[in-house]
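Enquirer: Residue numbering for the sequence shown is 2 to 129, as defined by the working numbering.
Be a bit skeptical, because a hint or two may be false.
[What the hints assert, rightly or not] Each computed SDA-like pair below joins lysine to any residue, with the alpha-carbon atoms no more than 20 Å apart: (1) Lys93 <-> Leu36; (2) Lys93 <-> Leu81; (3) Lys93 <-> Asn37; (4) Lys93 <-> Gly38; (5) Lys93 <-> Phe105; (6) Lys93 <-> Ala32; (7) Lys93 <-> Phe28; (8) Lys93 <-> Trp27; (9) Lys93 <-> Cys41; (10) Lys93 <-> Val103; (11) Lys93 <-> Ala78; (12) Lys93 <-> Val104; (13) Lys93 <-> Val43; (14) Lys93 <-> Ala83; (15) Lys93 <-> Tyr42.
Simulated from the structure, these hints should not be mistaken for lab results.
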Amino acid sequence: EGLLQIFTAPFCHLSWAHLTANLTGWFILGAVTMLNGRRCYVMTCCFVAVVGGLLVVICGRNAIHAGASGVLFGLFAFQLTAVCFQPQIEWKSVVGLLVAAVVFGGMIFGVLPTDATVSWESHLFNIV
Numbered sequence: 002e003g004l005l006q007i008f009t010a011p012f013c014h015l016s017w018a019h020l021t022a023n024l025t026g027w028f029i030l031g032a033v034t035m036l037n038g039r040r041c042y043v044m045t046c047c048f049v050a051v052v053g054g055l056l057v058v059i060c061g062r063n064a065i066h067a068g069a070s071g072v073l074f075g076l077f078a079f080q081l082t083a084v085c086f087q088p089q090i091e092w093k094s095v096v097g098l099l100v101a102a103v104v105f106g107g108m109i110f111g112v113l114p115t116d117a118t119v120s121w122e123s124h125l126f127n128i129v
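Assemble the whole structure, with the sequences as input and the hints as a guide.
Expert: Written out as structure tokens, the structure is:
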């Protein structure tokens, strides 16, 4: 709860299925982000988690916001931005983004408030 949630939410999961889904996504999107280097991966994860988490604390519902899926949305947004704005297109990034898009194609709907048990705020604010 509060500011502590910024740092703890990505590591807290509400079930084994929740954890498994997030780990699967982290493995794929994390590997794709690592193509840009370890420093880029660490900086991106930290930036997304802190900024997105802060926005959830400020603007989100008074609810439990748990799980790493928000950070996954941020990693996906980073990859999309990197591919679109790289001065020279790196095909490994394009291929990685396409794999992530195929595997997680429906994830964009996670930013909509369609399920009261899903922190759509975390998904949306971590894209920013």
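Enquirer: Is the straight-line distance between the alpha-carbon of Lys93 and that of Ala78 20 Å or less?
Expert: holds (16 Å)
Enquirer: Check the hint pairing Lys93 with Phe28 against an upper bound of 20 Å on the C-alpha distance.
Expert: Between Lys93 and Phe28 the Cα gap is close to 16 Å, so the pair holds against 20 Å.
Enquirer: For the pair supplied as a hint, Lys93 and Ala32, confirm whether the alpha-carbon distance does not exceed 20 Å.
Expert: Between Lys93 and Ala32 the Cα gap is close to 11 Å, so the pair holds against 20 Å.
Enquirer: Taken at face value, is the distance from the CA of Leu36 to the CA of Lys93 at most 20 Å?
Expert: holds (7 Å)
Enquirer: Going straight from one Cα to the other, do Lys93 and Gly38 come out at no more than 20 Å?
Expert: holds (12 Å)
Enquirer: Check whether the Cα positions of Lys93 and Phe105 lie no farther apart than 20 Å.
Expert: Since the Cα atoms of Lys93 and Phe105 sit roughly 18 Å apart, the hinted pair holds (cutoff 20 Å).
Enquirer: For the pair supplied as a hint, Lys93 and Ala83, is the alpha-carbon distance within the 20 Å limit?
Expert: Answer holds: Lys93 to Ala83 is near 12 Å, not above 20 Å.
Enquirer: With the threshold set at 20 Å, check whether the alpha-carbon distance from Lys93 to Asn37 stays at or below it.
Expert: holds (9 Å)
Enquirer: Is it true that the CA of Lys93 sits at most 20 Å from the CA of Val43?
Expert: Holds, because 19 Å separates the two Cα atoms, which is no more than 20 Å.
Enquirer: Between Lys93 and Val103, is the straight-line Cα distance small enough, at 20 Å or below?
Expert: With a Cα-Cα distance of about 15 Å, the restraint between Lys93 and Val103 holds, given a limit of 20 Å.
Enquirer: Quickly compare the C-alpha distance for Lys93 and Tyr42 to 20 Å and report which way the hint goes.
Expert: holds (15 Å)
Enquirer: Does Lys93 pair with Val104 here, judged by a C-alpha cut-off of 20 Å?
Expert: Holds: Lys93 and Val104 sit about 16 Å apart, inside 20 Å.
Against the hints set out earlier in the document, no violation occurs for any number.
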